[in-house]
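Student: Here are the chains, one letter per residue:
There are 2 protein chains.
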Amino acid sequence: MSTKDQLLMSLKAGKGSWVSGEFLGRNLTISRSAIWKHIRTLKDEGYIIESSRKKGYFLRQMTDSLLPNEIREGLKTNVFGKRDIVYFRDTDSTNIRAEHLAAEGAPEGTVVIAEKQTQGKGRRGRYWFSPSGEGIYASVVLRPRISPHEAPKLTLMASVAVAETILSLTPLRVNIKWPNDILVNGKKLAGILTEISAEMDRIHYVVIGIGVNVNMPCESFPSDIRNLATSILLETGEVSQRITLLRTYLEWLEMYYEMFSVGGFHPIMNRWKQLSDMPGKQIRVDLIDHTHEGVVQDIDEDGFLILKDHEGNLRKIISGDITLC
Amino acid sequence: MSTKDQLLMSLKAGKGSWVSGEFLGRNLTISRSAIWKHIRTLKDEGYIIESSRKKGYFLRQMTDSLLPNEIREGLKTNVFGKRDIVYFRDTDSTNIRAEHLAAEGAPEGTVVIAEKQTQGKGRRGRYWFSPSGEGIYASVVLRPRISPHEAPKLTLMASVAVAETILSLTPLRVNIKWPNDILVNGKKLAGILTEISAEMDRIHYVVIGIGVNVNMPCESFPSDIRNLATSILLETGEVSQRITLLRTYLEWLEMYYEMFSVGGFHPIMNRWKQLSDMPGKQIRVDLIDHTHEGVVQDIDEDGFLILKDHEGNLRKIISGDITLC
Chain V
60 MSTKDQLLMS LKAGKGSWVS GEFLGRNLTI SRSAIWKHIR TLKDEGYIIE SSRKKGYFLR
120 QMTDSLLPNE IREGLKTNVF GKRDIVYFRD TDSTNIRAEH LAAEGAPEGT VVIAEKQTQG
180 KGRRGRYWFS PSGEGIYASV VLRPRISPHE APKLTLMASV AVAETILSLT PLRVNIKWPN
240 DILVNGKKLA GILTEISAEM DRIHYVVIGI GVNVNMPCES FPSDIRNLAT SILLETGEVS
300 QRITLLRTYL EWLEMYYEMF SVGGFHPIMN RWKQLSDMPG KQIRVDLIDH THEGVVQDID
360 EDGFLILKDH EGNLRKIISG DITLC
Chain B
60 MSTKDQLLMS LKAGKGSWVS GEFLGRNLTI SRSAIWKHIR TLKDEGYIIE SSRKKGYFLR
120 QMTDSLLPNE IREGLKTNVF GKRDIVYFRD TDSTNIRAEH LAAEGAPEGT VVIAEKQTQG
180 KGRRGRYWFS PSGEGIYASV VLRPRISPHE APKLTLMASV AVAETILSLT PLRVNIKWPN
240 DILVNGKKLA GILTEISAEM DRIHYVVIGI GVNVNMPCES FPSDIRNLAT SILLETGEVS
300 QRITLLRTYL EWLEMYYEMF SVGGFHPIMN RWKQLSDMPG KQIRVDLIDH THEGVVQDID
360 EDGFLILKDH EGNLRKIISG DITLC
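For the protein sequence lines, the chains are V and B, in the order given.
Numbers in our numbering are just positions in the first sequence, counted from 1, shifted up by 59.
Numbers in our numbering are just positions in the second sequence, counted from 1, shifted up by 59.
Hint data in this document are derived by calculation from the structure and do not stem from the laboratory.
Every residue, glycine too, gets a C-beta built ideally from N, C-alpha and C.
Treat the hints with caution; some may be incorrect.
Okay, the calculated bits of chain B under chain V, using three or more residues with CB under 8 Å as the criterion [unchecked claim]:
#, stretch
1, 207-221
2, 254-267
3, 375-384
Next comes chain V alone, as it looks inside the complex (with noise of 0.2 Å):
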């Protein structure tokens, strides 16, 4: 542990007291002066910490920022996210980091986070809105022994595993849309972005992306997507807490990865419909050159969209942008 880390966890045993600089130089052996650079290098972190000539320092308020060590603490899974987590304040997309980490050999459960994307990727080459500090950006490196053939299957489990991750900790109601969408009230409150690097039969990594907006005020949505997304903070009028968020995300999404691991696709994939309004529902697929509309029946057991169109076919939609009618 960093001598800075050392220091953090003095001032947090000091729960809401005042922690002398006397008692922290002897405790960890350092000089005053020393204890200031910590204090300063905190700050920056997003740890509000008073300091006064008497008394010392006071732990005022923990950061808000999604630091290695603040996720950890507390953080029940086996895999995901206890051996390694990167951190940016600022990068082009947790995605495009974390697949350049897989290529160099980054094992399975590694997380990239980031407080800000400059290139935040929504699916098809499309941008996702990425403000500082008031959403998710998140991605995971698998190693799955699945066929590419399977990869579809794993943007359905995480979808499911962001919307058990909305249910559990606010009272909204979810709804996932094909293929990567987390809607409330109709309105996009997270995407996921699942990349892959493969061979023919075998993959090599799966980087699966989630982009959360937790605590966007109305403003901080540029006006073109204003009637298109929405955030917790909208939706619930309450800020949330981001990491407690980002855990309880990695809880479930490890969850249903070890049960898509031991059991398959076919739990994943009744959850999903349950979580989904969709079967029912009319909607209109625009691909490249062409368009299908028709009425969900289901999702396949590859976790495809079946559509009957006007004429009644039956067709497998693999891809496309989906519009609700």
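Fit chain B to the known structure of chain V by using the hints.
Tutor: Just chain B, lined up with the frame of chain V:
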């Protein structure tokens, strides 16, 4: 064009005759010592050039190296190899290099060549034997607008292109073994490794790598693969021009890729069936934790193998190691 390339062109233009140093110096407006420097580089690249104080320089023999400029000369493709050919005397794996280039935006048709691979990749993390100057180790970057679901079709496409190449330049009878081997007399002559980077319903890029055993003499193969592998030299008794094989492969590959883009997979599948004698054969499929045995019925429209097991059940084989019984 660089001065070195101009010098080479002058030597080629003087086909079968001496070109004087004076002529070269005047023509390219360079000094005697500059000529010497470039001649040395060309010799390093494998060109056999004689020199004489009196007569000048004589291009006795073209290089056997797969140099980009030489490949391009007479290459009858529209896109593949027309823009970027990246050449290595020695690299880890052409697929690894091509993936890096593709991740940084290399366009469709980018070709990576190596004389030698130190970590030549086979399927499922295996090793591909890649001694210097004796084989073709080449990777092509593709950016097809298909879903990852369809990627296995590209492996079969490349198998057909490799088979056509061998058929059109040698008297050998080839046989494609699903999913990615080209056999001659039951031994491995070439292999294909297709790797993809994708999201759920969109491919970012595909890298198709091939390894072809061209001019390996028997003693070149390590003892553990001597009974399993063969080369064009061993089968025909003749040394082949690797550059002609490579150009021909790029031409076939592009032809089939265009066919795939326009007409879909059916024509390729039909040709694949003509070039494979697997249907009707007894095989064993080894998976991670179990084994299937049976008779190959067909390949299906997605490029997967359909096996009829001893109980008469039809099974779709997506992956696994195939042994012909």
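Student: The structure should be examined with respect to each hint, and the outcome stated for every one.
Tutor: Hint check:
Beta-carbon proximity to chain V at under 8 Å applies to 5 residues in the stretch 207-221 of chain B; the threshold of 3 is reached and the given coverage holds. By the rule of at least three residues with a Cβ nearer than 8 Å to a Cβ of chain V, the coverage given for the stretch 254-267 of chain B holds, with 9 such residues. Interface restraint, the stretch 375-384 of chain B with chain V: holds (3 residues with C-beta to C-beta distance below 8 Å; minimum three).
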